[in-house]
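We have chain A already, so just place chain B on it with the hints.
As they're listed, the protein sequences go chains A and B. Following our numbering, the numbering of the first sequence begins with 1 at its first residue and continues without gaps. Following our numbering, the numbering of the second sequence begins with 117 at its first residue and continues without gaps.
Treat each hint with caution, since some may be false.
Pair by pair, the computed Cβ-Cβ distance ranges are [claimed, not checked]: (1) A:A2 / B:L172: 26 to 34 angstroms; (2) B:Y155 / A:N52: 30 to 38 angstroms; (3) B:K193 / A:Q102: 18 to 26 angstroms.
In short, the hints are calculated from the structure, not lab data. The beta-carbon is built from N, C-alpha and C at its ideal position, and this holds for glycine as well.
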Amino acid sequence: EAGVAQSPRYKIIEKRQSVAFWCNPISGHATLYWYQQILGQGPKLLIQFQNNGVVDDSQLPKDRFSAERLKGVDSTLKIQPAKLEDSAVYLCASSLEASGFQETQYFGPGTRLLVL
Amino acid sequence: AQSVAQPEDQVNVAEGNPLTVKCTYSVSGNPYLFWYVQYPNRGLQFLLKYITGDNLVKGSYGFEAEFNKSQTSFHLKKPSALVSDSALYFCAVRDLNYGGSQGNLIFGKGTKLSVKP
Chain A
1 EAGVAQSPRY KIIEKRQSVA FWCNPISGHA TLYWYQQILG QGPKLLIQFQ NNGVVDDSQL
61 PKDRFSAERL KGVDSTLKIQ PAKLEDSAVY LCASSLEASG FQETQYFGPG TRLLVL
Chain B
117 AQSVAQPEDQ VNVAEGNPLT VKCTYSVSGN PYLFWYVQYP NRGLQFLLKY ITGDNLVKGS
177 YGFEAEFNKS QTSFHLKKPS ALVSDSALYF CAVRDLNYGG SQGNLIFGKG TKLSVKP
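The following block holds chain A by itself, in its conformation from the complex (with noise of 0.2 angstroms):
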């Protein structure tokens, strides 16, 4: 079975810049998270999807971060502008809806953001 792929894996841009992440969850599974991941700490969840709609997204700074999860299969992520804070690996799940706060969530490689 094909794990949680996501891309690019590597990004460097400068402050100010826009960018875009992209993951595509294990088949079926219907949820979709979005964490953030700074460096030495644990991830954050920033949002969750089930199918196409958003469940959770109150850690999300939406005033430059932005998610999508159109058809409810792939996911894309944007920063827009980047603030050096922004750099951390941004790594993305998915997890079945079958059994509630039973299932367990596979995470893909992340993808690591440097804003200079």
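The following block gives chain B in isolation, referenced to the frame of chain A:
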């Protein structure tokens, strides 16, 4: 609010010795607890989870975790450490207050495990 704490930034173990990576939790309902491992430049890999039932949970790569309700702990263990176990380990708890029917995960800050030959 749900939270987890990993009190040790780093754990050093000699190869062949048992290892323990500590995690304590705070929840306002039933705890759903997870352990993940992260190798350099890789995403998080699922090791094991506690949902209900036996307090000793067995997972991938020979790891196990012991759930202790009275001490609100969920320590990760392995009887005999390997050099290849060296990585960053994260404990996580399901957030029951956000994320709809599934809840998202709240992670600890991570513990770096170093296994020396």
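- request: Take a look at whether the Cβ-Cβ distance between K193 (chain B) and Q102 (chain A) falls inside 18 to 26 angstroms.
  value: holds (22 angstroms)
- request: With respect to the beta-carbon atoms only, verify the hint that A2 (chain A) and L172 (chain B) lie 26 to 34 angstroms apart.
  value: The hinted range 26 to 34 angstroms holds for A2 (chain A) and L172 (chain B), with Cβ atoms some 32 angstroms apart.
message: 30 to 38 angstroms was suggested as the range; check whether the CB atoms of Y155 (chain B) and N52 (chain A) agree with it.
response: For N52 (chain A) against Y155 (chain B), whose Cβ atoms are near 32 angstroms apart, the range 30 to 38 angstroms holds.
Of the hints listed earlier, there is not a single one the structure fails to meet.
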